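Q: As you go down the protein sequences, you meet chains S and E in turn. Take the first sequence: its position 7, counting from 1, is numbered 7 in the working numbering, and each next residue is one higher. Count along the second sequence from 1, then add 1000; that gives the number in the working numbering.
Please keep in mind that the hints were generated in silico from the structure rather than gathered at the bench. Possibly wrong hints are sitting among the right ones.
As the list claims (entries may be wrong) - Each computed DSSO-like pair below joins lysine-lysine, with the alpha-carbon atoms no more than 27 angstroms apart:
(1) E:Lys-1127 with S:Lys-68
(2) S:Lys-42 with E:Lys-1127
(3) S:Lys-75 with S:Lys-42
(4) S:Lys-42 with S:Lys-68
(5) S:Lys-75 with S:Lys-48
(6) E:Lys-1250 with E:Lys-1127
As the structure is a prediction and not an experimental result, all values here were calculated from the model.
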Amino acid sequence: MVVTRCVETTLAIPDNEAATARATLTRLGIPLEALERADLYKIEVECKRESELLAALRGIETIFNPNKHRLAVRKTDRPDQGELWVEETAALESDGGTISVAGRALPGVRRLQRLVSWKLTAPGGDPASAATVARAASALLCNAAFQRAVFVR
Amino acid sequence: MSARVGSANVGVIVFPGTNSEEETVRACRAVGLEADAVHWNAPLDVVREYSAYILPGGFAYEDRVRAGAIAAHDRLMTAVREGAAAGKPVLGICNGAQVLLETGLVPGFAGASGPQAGFARNAPSGKFRSTHVYVKLTIPPERCTITAALKPNAVIPAWASHGEGRLAGGAATLARIAAGDHLAFVYSDARGNASEAVVPNGSALGAAGLVNAAGNVLALMPHPERDAWTFNHHDASREAARGDAAAMLKPSGGIALFESFAQAVRQWS
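One chain only, chain S, in its complex shape (with noise of 0.2 angstroms):
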């Protein structure tokens, strides 16, 4: 028995990559109040060894580090109202059935995808709709030519 989860990773300090992509978005004319970025790691992983999988993400030292990160299992795994999943083609992370991130084992991964989720909020505070969530990627958070835009339509 296998069962999806999906973790994310978000900076607890001022987020630089965000900080550029929303400056960059409102250079194009897509103003935002706020642009939050997050590591997305969908598994899927085998019930009996679910309860291992948050311990060994904490202790993989480049993906968590506790003094500037938040890591949580997210309570779907699809992306909410106003948020962009981008996901990339040969992204699937497998070596000979043995799954790792950042050459760490993953016990009783069977499947591991990375994406990049973005959260956009819009002027006002509400999230963005699903308009400018679809403008803001095609113009530059996702490059359709190799990556897959995924959010609320």
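Chain E: place on chain S using the hints.
A: Positioned in the frame of chain S, the structure of chain E alone reads:
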């Protein structure tokens, strides 16, 4: 930046995070071109005066969002786009090549706006790789003004040094790249034999370099400027030159592309 912008001057565009401008300027000067490192805060009117542009390697804007994505929208790219449209030679090397694909200037299909292809994470490792390579010219030299002075099927040594160098695009895009003579360079061995085994990054079509439809904008992933003097070389020539400073400092190898680029710049000027 120099005070005078002459007719055969090359603007080597420097974004925050660019790191290969020095050797690129040096390679230009070695083939008789005047070249300046042009920083991102330069006045656009000054940038527009250059006869040609090179977007050198590095990590423009720290590769934030994607390699080349932020730089593609930088203010200075206005001048580069205008220059490309006017027929000025534009060469992008490594990160510069990524920028050119993110702008859509390369492959620059007719009627297309925005990126039509991209340089994605290396496959299968997904990791940064630095290795010596050879690239082979696969188009008739005259198809691209920047390669026009090279011999047919010329093989050029270079260093591949990137984490995102895998040409990626839809099947229709890749077919159009191949059919439209956009595939300027492929990875090969020193004798010019192309095979999957010599491709360092899983690049589609074995692509190392693409040219636009008009033939004046070339995006090349490996660095010829890092193998442009004997002391850079990865073959017996370097050992043969040991103890002979003049031979060791002689431009050769990757300098061939800059010699051809220089011809294009002079012709445009």
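Q: Confirm or reject each hint.
A: Structure-based check of all given hints:
Restraint check for Lys-1127 (chain E) and Lys-68 (chain S): the C-alpha separation of about 24 angstroms stays at or below 27 angstroms, so the hint holds. Proximity of Lys-42 (chain S) to Lys-1127 (chain E) is assessed by CA-CA distance (about 20 angstroms); at most 27 angstroms being required, the pair is judged to hold. Our distance criterion of 27 angstroms between C-alpha atoms is met by Lys-75 (chain S) and Lys-42 (chain S), whose separation comes to about 12 angstroms. A C-alpha spacing of about 22 angstroms is found between Lys-42 (chain S) and Lys-68 (chain S), which places the hinted pair at or below 27 angstroms, so the restraint holds.
Our distance criterion of 27 angstroms between C-alpha atoms is met by Lys-75 (chain S) and Lys-48 (chain S), whose separation comes to about 19 angstroms. A hinted pair counts as satisfied when its Cα atoms are at most 27 angstroms apart, and Lys-1250 (chain E) with Lys-1127 (chain E) does not qualify at roughly 33 angstroms.
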